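Here the protein sequences come in this chain order: W and Y.
First residue of the first sequence? That's 1 in the numbering used here, and the numbers climb one at a time after it.
First residue of the second sequence? That's 1 in the numbering used here, and the numbers climb one at a time after it.
Wrong hints could be hidden among the right ones.
[Said to hold, decoys possible] The calculated lysine to aspartate or glutamate pairs, modelled on EDC-like cross-linking and capped at a C-alpha distance of 20 Å, are:
(1) Y:Lys139 with W:Glu8
(2) Y:Lys55 with Y:Glu69
(3) W:Lys261 with Y:Glu155
(4) Y:Lys320 with Y:Asp348
(5) W:Lys178 with Y:Asp183
(6) Y:Lys154 with W:Glu8
(7) W:Lys153 with Y:Glu146
(8) W:Lys283 with W:Asp242
(9) W:Lys436 with Y:Glu389
Calculated from the structure, these hints are not laboratory results.
It should be emphasised that the depicted structure is a prediction, and the values quoted were computed from it without experimental measurement.
2 protein chains.
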Amino acid sequence: MKQRILAEETLEKIGKKVILAGWVNTVRNHGGIIFVDLRDKSGLVQVVFGGKLAKEAKKLRPEWVIKIEGLVKKRPEKLINPDLPTGTIEVEAQSLTILSQSEELPFDLGKKKLNVNISTLLDYRPLSLRHPTQQAIFKVQETIAETFRETLKKEGFTEIFPPTIVPSVTEGGAQVFKIDYFDKKAFLAQSPQLYKQIMVGVFEKVFCLAHAYRAEPSVTTRHLTEYVGLDVEMGFIESFNDLMELAEKLIRNIFAAINQKNQKELKMFKATTPLLPKGEIPKMKLRQAQEIIFERTGKDCRQEPDLQPEDEKEICQYAKEKFNSELVFITHYPTKKRPFYTYPDPEDPEYTHSFDLLGRGMEWITGGRRINDYQMLVENIKKWGNKPEVFETYLQAFRYGMPPEGGFCLGLERITMNVLGLKNIREASLFPRDMKRVDIIL
Amino acid sequence: MKQRILAEETLEKIGKKVILAGWVNTVRNHGGIIFVDLRDKSGLVQVVFGGKLAKEAKKLRPEWVIKIEGLVKKRPEKLINPDLPTGTIEVEAQSLTILSQSEELPFDLGKKKLNVNISTLLDYRPLSLRHPTQQAIFKVQETIAETFRETLKKEGFTEIFPPTIVPSVTEGGAQVFKIDYFDKKAFLAQSPQLYKQIMVGVFEKVFCLAHAYRAEPSVTTRHLTEYVGLDVEMGFIESFNDLMELAEKLIRNIFAAINQKNQKELKMFKATTPLLPKGEIPKMKLRQAQEIIFERTGKDCRQEPDLQPEDEKEICQYAKEKFNSELVFITHYPTKKRPFYTYPDPEDPEYTHSFDLLGRGMEWITGGRRINDYQMLVENIKKWGNKPEVFETYLQAFRYGMPPEGGFCLGLERITMNVLGLKNIREASLFPRDMKRVDIIL
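The following block holds chain W by itself, in its conformation from the complex:
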């Protein structure tokens, strides 16, 4: 529809004839005059049907798709709707075409808030996603993905498209999905880890937005079986500080872009991007973090190999109080808790040059320097109880010369969830997959 304009564009068309098309958000009958809030991808605009058209417009029901021609008029002062970006105008309809009808809705889409529980939200995903608050989540998500790409391209990174069907289980045995691959078996990649590392040997600095799959047999509010990883890997690093520096730059750029492009969406959720300090995001070793937690709470996790969810919350709280930062890097996780390719700290090989970035009490990013020495990798694969043959393709990259390198991964849904303060990660995935649900309950 070439001459169609969007709802938000009507503001610049006062006194002009326009063509609009979209969904009936709400219909109100005021003494024979029909008021329709028309919704399109830009938002809402009020369309008024009087005279003969009112008769036809009376039939309209929520989610019918219509096209109208009409005249854009300023509203009288007292009829201005300050809640609506187009609330200063309305469109007087001159024609009405019905493009598609709708059955009666299972819930009300016309209210400012979508008051449905998570099951209904997901049972009616094609419909619930149409609500402005749900659209908002994925507009913020798009900004995150876009800023990720733009930032890395400016830094000289190359985008790659690694495969998701893989020949063997790599990072852990139990949590992987098996595929019937003709008369053989293959698996769904737990991450593009091995491929992005291989590609450092080709393009030095690479990134990808890759689907990753985890067959974790549990249903939580922060795990999905299929998610989108924003993956980064870079060669010729001096130390793993280079990686944290880049991760911080990414996060700062993402927050800045959200604040620039998504004010409307942030407001819907009464959300603000997390507080960041003027200087660098604070960093502390895992053992230091555990000491602090012990001092603050009396809970002794100082021998644990990782932080528990409540520890993550506590240390984030500490970082906020002490450094004015809602994000904090935790570094030097124990060697045994990290994958075989993690680079040990030369000063204390019990620990690694690895890091997590925690935000608002949850893990956002995980990364670290990798072992780039072929022999050391082969030995570690054995130590971790695997067979080097299984990693033949991966090991080639190191057998034939690999610079010092490392990388990290951000979970797209995790960041979306945490920026907007969503309670369940499923809200941050268009069609979330978990142990029980793949669109429908299996």
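Chain W is fixed; fit chain Y onto it per the hints.
Coordinates of chain Y only, in the frame set by chain W:
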């Protein structure tokens, strides 16, 4: 390595001290002076090791990773290498650090052409990808993906991230991969088709770069079991011409971007982007195309529901001769040969408002208008031998109001292959998957 510069940047540093790092592409010993072609992501530069350093540099072997400090010097006129972008300079090494060693290579990476057969190319993928001609393929691929996104964002499209694990077989029974999904079965998406259509109900115009999976039990030079689809779907269309118009715009923008950014890569393959007419890309109905083929070759395919590979070649040849276009739209495929959601031509419902874009004898894009009427969709699902219950989530989008809409899909590897004139689609996939190979031969 903060002070490191890239090979191509040395041209601007004549007389200056620089730090370089990369892979040893070739080593030559000329009477005790060692000449190394150092390769990094920008290309090659010659580094000269004399004096004491020559002794150390003698040990260097192809694919060792090194870091050097050195002085950039103009080469004497007679030593200029016109084949090398940095051929007017060389770097006199002042220090050498070995970052990583390499085993002996299974083939020569230092030649201008990579002379290996397809098996070797894929058996040693991490290594073969390092050759400049192989890197070139994926630089062109990146341009295609990038231009696709940029064009659509400018047109008001929203990027979405649809899932790849799906609850049921959708577009055809046999060609789908089964997943062990906990104690249930799920499948790998043959395309994001149903999800992008659902999302028209939300964002009107959407696109995605989505992995798609086909369990076709055959090994050809133009099929992969996992590929990247550049998917587009848009609502509020007037007719399927809107879709072809957008597809043409995308193709023209992609060619323009390749010509602007990838001259070096095109030259390596002696390739040019396909010829396009000044006016629109020619369009013809399938039946017209078949008539033309019959007239030109005597081969009577006029009753066939589709074009065979040799027909596609013939009609592309015709379009080139007649319209000066290496691309041609074929429209109006028979209703029975297209998926259940394809919109029938109201003037002749035996045929559909569908199209393929053929280029250089091969299918590049397939698309069409979709049925947006709920009842008609339900009936068609039954006619095609499926159960509407299986499509419950998809059908919701239409039950609750969907504008006239349609879309199309470009295969990322297909376009890369055809632009560069590659003989096998595997060359256009970083880690190609087919019936027999998933990195290694299964």
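Tested hints:
no.	hint	verdict
1	Y:Lys139 with W:Glu8	violated (39 Å)
2	Y:Lys55 with Y:Glu69	holds (16 Å)
3	W:Lys261 with Y:Glu155	holds (17 Å)
4	Y:Lys320 with Y:Asp348	violated (29 Å)
5	W:Lys178 with Y:Asp183	holds (12 Å)
6	Y:Lys154 with W:Glu8	holds (17 Å)
7	W:Lys153 with Y:Glu146	holds (10 Å)
8	W:Lys283 with W:Asp242	holds (13 Å)
9	W:Lys436 with Y:Glu389	holds (18 Å)
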